[in-house]
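Student: Make the full structure from the sequences, and use the hints.
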Amino acid sequence: MRGYRYLLNKIAWACLTVLFVIVLNFFLFRILPGDPARAGIRDPRMTVQAQEAIRVRFGLDKPVINCFESLNPLRLGKCGVNPLDTQFFIYIRNLFRGELGFSYHTNRPVVDMIGERLWNTILLTGPAQILSIVLGMGLGLLAAWKAHTAIDYASLIGSLVAWSVPTFWLGILLLFWGSSKLGLPIGGKMTAGATYASTAEQWLDVLRHMLLPTITFTIVYMGEYMLYMRSAVLEVLAEDYTLTAKAKGLKTSRILRVHALPNALLPMVTIIALNLGFIVSGAIFIETVFSWPGLGLAVYEALNRRDYPMLQGLFLLLALSVVLANLVAELLYSVLDPRIKTG
Amino acid sequence: MSRVDGAPLLLDVRDLSIDFSTHDQGAMHAVENVSFMLREGEVLGVVGESGCGKTTAMLGILRLLPVTGRIVSGEILFGGRDLLALSESEMADVRWKDIAMIFQGAMNALNPVHRVGDQIAEAYVQHASKADRASADERVCRLLDMVGISRNRKNQYPHQYSGGMRQRAMIAMALACTPQVVIADEPTTALDVMVQAQILELLKSLCDSIGVAIIVVTHDLGVVAEVCDSVLVMYGGIAAEYADVDTLFNAAQHPYTRLLLDAFPDLTRPKDRLTSIPGYPPRLNALPPGCRFAPRCPAAFDRCHVEQPGLSQLGRFHSASCFLVEPK
Amino acid sequence: MSEQTQTTSLRGLWASLKRNPMAVAGLFMVLFTVLLALFAPLLAPYNPKESVRVTVDDIYAAPSSAHWLGTDDAGKDVFSNLIYGTRVSLTVGFFAAFISLAIGGTIGLVAGFVGGRVENLLMRFTDVILVIPDLPLIMVLVALTKPSLVNIIIVIGILGWTGTARLVRSQTLSVKERKFVLRARSIGAGNFYLIRRHIFPSVFPLMMVNTVLVISLAILEESSLAFIGLGDPTTLSWGQMLNFAFTRGGMSSGAWWALISPGFAIVWVVLGLTLLGQGLEQVFNPRLEWHHLSKAKRMVRRIITRSVESDKEEAS
Amino acid sequence: MSTQKWSVSLLMVLVLVVAACGGTTPQAPAAAATQPAATAQPTAAVTEPAVLRIGWGGSPDTLNPGTAVLAEAYTLFELVYDAMYQLQLDGSTYTLELADSVNVSEDGLVWTFHIRPGIKFHDGVPLTAKDIAFSYNYYQAHQDFPYLSVYTVYFESVEAPDDSTVVIKLTQAIPNMESQLIFLYVLPEHIWSQYTDATAAVEFENEAMIGSGPFKMVEYRQNEFVHLAANKDHYLTPPKVDELVFQTFENQDALVQAIRTGQVDMITEMPMTAVPGLRTAENVKLVTGAPLSPSIRDVIFNQLEPENCPPDAACTGHPALRDRNVRLALAHATDKQKIIDVALLGLGTPGRTLVANGLGMWYNSSLQDYAFDIAEANRILDQAGYADTDGDGVRQMPDGSAPLLFRLYWPSDIEAAPRTAEMLAETWGQVGVKVQPQAFDPDALTAVCCPNFDFDVIIWGWGSDPDPAFLLGTLTTEQIPTGSSETGYSNPEFDALFVEQGTTLDKTKRQEIIWEMQRIVFDDVVYIIPYYEDAAQAYRTDRFTGWIIDQPKLELSDPSSLTVVEPVK
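Chains as they are written, first to last, in the numbering used here: chain A, 725 to 1067; chain B, 175 to 502; chain C, 16 to 331; chain D, 5 to 573.
Hints are supplied without guarantee of correctness; some may be wrong.
[To be verified] Result set (DSBU-like, lysine-lysine): computed pairs, CA atoms no more than 35 Å apart in a straight line:
#1 K310(C) / K271(B)
#2 K975(A) / K271(B)
#3 K975(A) / K378(B)
#4 K870(A) / K378(B)
In short, the hints are calculated from the structure, not lab data.
Tutor: Dropping the structure here:
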């Protein structure tokens, strides 16, 4: 059946893309100047031997890859070196063992640091994404149905404004409005060091901390979903089968729910999947403004501290989630659209 | 005399006029004072070149006009009620229960993401009483049998049907609630000749077997001769001639009808050369003064270019709008 | 998208744009900003470049008659910075969009026109670039190439073309199949002639629509980069103003003006561009104004003889 | 095909992407990282426990003293661990902490410490001389510890003959023995002995952080908060508060907003621009002063003589910068007060030498700074032959070979640097010297600066140790190839004095030498030190009282304050 080969092709390309990202990731951070020993504050107490010892600990004394001693400054080296002694192959071997190396900054394994933060990002972006999908698409459906009326223009303008606002700026304004006017917490995931009578109370505290970032997220993403949904539904409502549905005497609500929505959702699946892939990139700004200890904040900190292994791990995770999101979109599209499923 | 002369009157359209408003070119008179009747079991053919307003008139009956269209005058009497006076919800009950329609572009008329069987059932369930709903599945199978589609294709999707089968499915759907009237808008245009014949044969047999009245909109006189009991010829939004099929084919009065017949190959009377009608159909926003057909009418004289001829009654079932045929 | 609707003449463009109120608003906002950028020296009360004796109480001074929008963390007049800032932000937007357009346009055109394996390869390459999340990659490239405005423009341009490439490819594909192209090819027209005479004229308007979108994305991207400290501190873009205001305690010292005005300016330009984009989209690939469920203004005009209440449609 | 199917598929998208993100399985929200094995919480006093909340902008990089680099980590070490000596807030006097007496052999090579009896670790195990000896040997054994191993350079041997005596033999007599020991925190041998090999020592996260100091670790969430509890039976300074919480705020404005709204009781740092606002905020007391560990901002001139250029280094410094007159003129053309006013909003004092004013007696306060005088600067340059031959407002080299056009770099992580660069460009422009400003990524700047010397002028800075030796060492000729020397300055007389101060035991004699070294560098205008940054901290007056703010140095998060502060009645 054509569908099966179609998916195999997609999966093959996804794997190839991931491999490309892995290789790009490695060389990208070897081209960048930078030295783990000197990461952070300059201090005269750092002796040359200490720097050399640190470089050995991070395996940076080995050649980058056969024939290349180092990429920045570019120094050629012996080509006959055993590949397993070069940083590249060690990196690949560790990768397949699930190790992403050690952070320059905290000496802790990158995998653990990402693991701790992953849950926080999902906790923040998950509900926000669902909220913006539901609100955005609901509004989009309504605006398309009532096309060229007050509701349509209002929601269109609203979404365009929401789409044009820089995320971090909206975050800052909400942070200050929320904290000074409503007494909402200023940052972080929960009140520091607080002891909770019950987990329910703890969750309540977390929710209080989540309120403002979630609102920011929802506003920013809702605009985009609404715009896409509106154009998708407009197109569907102009199709012949909508006229047939009306001719069949169906109620407008049923026409929208049974005939228009499923057809409009098809393109939306790809857009939603793509957005889910880019969640972390989007979260960088919101988590920074709200000090929310998620992956976005980890990217910001790792960049400020030039913590290359951590950046490398985070980029890999970002690229992986985008590739997987695309793959899932393709899968879902073929499952949901009978025209592709049945070949 | 038409075959169903004595049958009770189902649909009586009187002086129906429909305008289209556009941004820059003002109002376009798509349909002007068109009147016709439909009796039980009758097959009425509505003939005319493309852009003569025939489809618009049909959509007007079911009030499915696009938002820019407006019915400016006329009455559509059906079952003793004027459809134009109904509220939207009352009209929704009439649609498909009493009057069903088969659209021209059948390719896209079925929803691609729902099974054909479900779409047919949906039409039935919408208008059936609570009790009958249970028998929806069984009813769909009988409908598919009627139109010659095998039952096991019920759960397939529209894209798995050929053009002809999709048209048959549309017909099945149209008959889901056994309506009194079915409007078929160019049912065979997009199909090849062989399939065309089968579809026409199917329509004819359904009309005889379950007594449903059918309006067939077409630009193909062959279809009219084959299937219809009476014919309404339209040109530039007006009713040029309206008669039973025998009178029309043998004693057409309106110059346009005669030219139409000449332009059509006829096995019974060999013609050496088919005459084509010079000129083009009028653009609805730049209609000529006087008779719409005047610019292309070989028999046109000065009055035709000035005045618009009214519809004159020539026989019990025969009328035409042309000065030549006006009783002196 | 048939030829007739493609209003190539500017007057025709304005005629069709005029009908869409949002597009007009967008055009006004964009033109206003461009004028502001052009006549910055005349409009700005102070020249941000020349040195001015600054004392501590000049820092984050509240809006006053001397400084309509107060001063920033270096005592410089926010209003003048804002006006000069339009120049930087617009240049970043236009040039980055130009680069994206050039790359995306060519790749899309070649992929669409040549087709086959070449198309597959180019499109897979586009997917890969799309997959790599651009913000982290930009961070690395800017950190690598010393933060300067030119580098930022190049970096945003290099990574912003995937959308344009896909659009141009699909448009080229659809035009390539057109009869008049096949006919031209059959009478021996060369590839370049075909592209120049047929493909490009119909692809170009869509690229224009996409450009407006890409420009607004570039401006947003620049401000995000500047916010996380990757901008060029020696330039005077809105993003940099936001970064200074945010990192040097703008809010905590109550200097809302230093933070709100640049943010507002960004929203003003980006909104203007997107509204204009919507309008152009409607002109170049007009979708039906209405659809089957549109509420008819008045389905049946009141017939003189009998009062027909036909539009008491209940909300279904 | 009801729409339920669509919503299910949407959720599937979410779950699939989530599960696929990274190989790691997300743990449930860790309620408490690791419960300390230490004694249970202090018996809950009848009243609510006094919890002091502190807000700061950073977070410790790691809790392992060996590998830690950031100041935040050292703040925690000071609270949780003890050392042999404790540095007082005047910046140069040391008091014994773990030991109650010490005697030094005549030749200054053998230091014998008598340890106070009855000291316990937080897990109840007694602290003995053996733990101290183990700790010092442990630091010496790991050369790749960034900072702490360098303090054991002069240790020949460290032994503990019995539980209360520690004997340290030195390779040479050194004057600043106390400053070497204040950072060598004493680790519990019974825990750290399991982590002696190289990788284990570095990978040990030490989250339980068992020490003997006035506070003990309760919970640590990196980049979120650190929760400490008071060690009520500390032998020297039992704290009056019951618990301490350090909360991290990623952006500075949130920090200020936190103290305004009372969400925290004290903040250790703030953006300078917030100072005016906080001065007037109700029940918030703002305090400014020299920081405990001073940070020096310096304008570096690349004055490397070509013959000193290290192998495969670029050495592209502008020749004019080797001429003292040019550096002197630029010193006169630098308006330090304006830089402080604009870049630091007045929160700094004009600087003179690498040794900051916070280092107490070591700071040569007798030096008279170069006055900001554009005319004087122009006069010096005219006299030295740097005329503006082509009239473009930029002077040329005497031989007309090149204009005085200097590349001015700074690292992008110094917040005030861009504004400082702007002002330097302005005032230097008035004396005919043009600069090309360029921000740099810190690591890229390291690669360009040292030991490559591929620059003209850099605005950078140093973190400083309480003892001046390390900082002054960066100006010796031998440091040029190592990269520690930024200026490429090489002065034999200075090198000789550096060696001499390393071996002078007598404090006043050593002070004279160090003052003389600072005068030489100052006269040669090797650097321009625009300012020493002041620390600005604030605390809620309605929450806790007793903060130590009358000392020459200011550090509210130092044990000196945190062990004496008590809730406002």
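Student: Decide, hint by hint, whether the structure agrees.
Tutor: Okay, the hints, checked on the actual structure:
The straight-line distance between the Cα atoms of K310(C) and K271(B) is roughly 23 Å, inside the 35 Å bound, and the hint therefore holds. For the hint pairing K975(A) with K271(B), the CA-to-CA distance comes to about 14 Å; that is within 35 Å, so the pair holds. Using a Cα cut-off of 35 Å, the hinted pair K975(A) and K378(B) holds, with the two alpha carbons roughly 32 Å apart. Under the criterion of a C-alpha separation no larger than 35 Å, the hint pairing K870(A) with K378(B) is inconsistent with the structure, at around 42 Å.
Checked against the numbered hints listed earlier, the structure breaks hint 4 alone; every other hint is satisfied.
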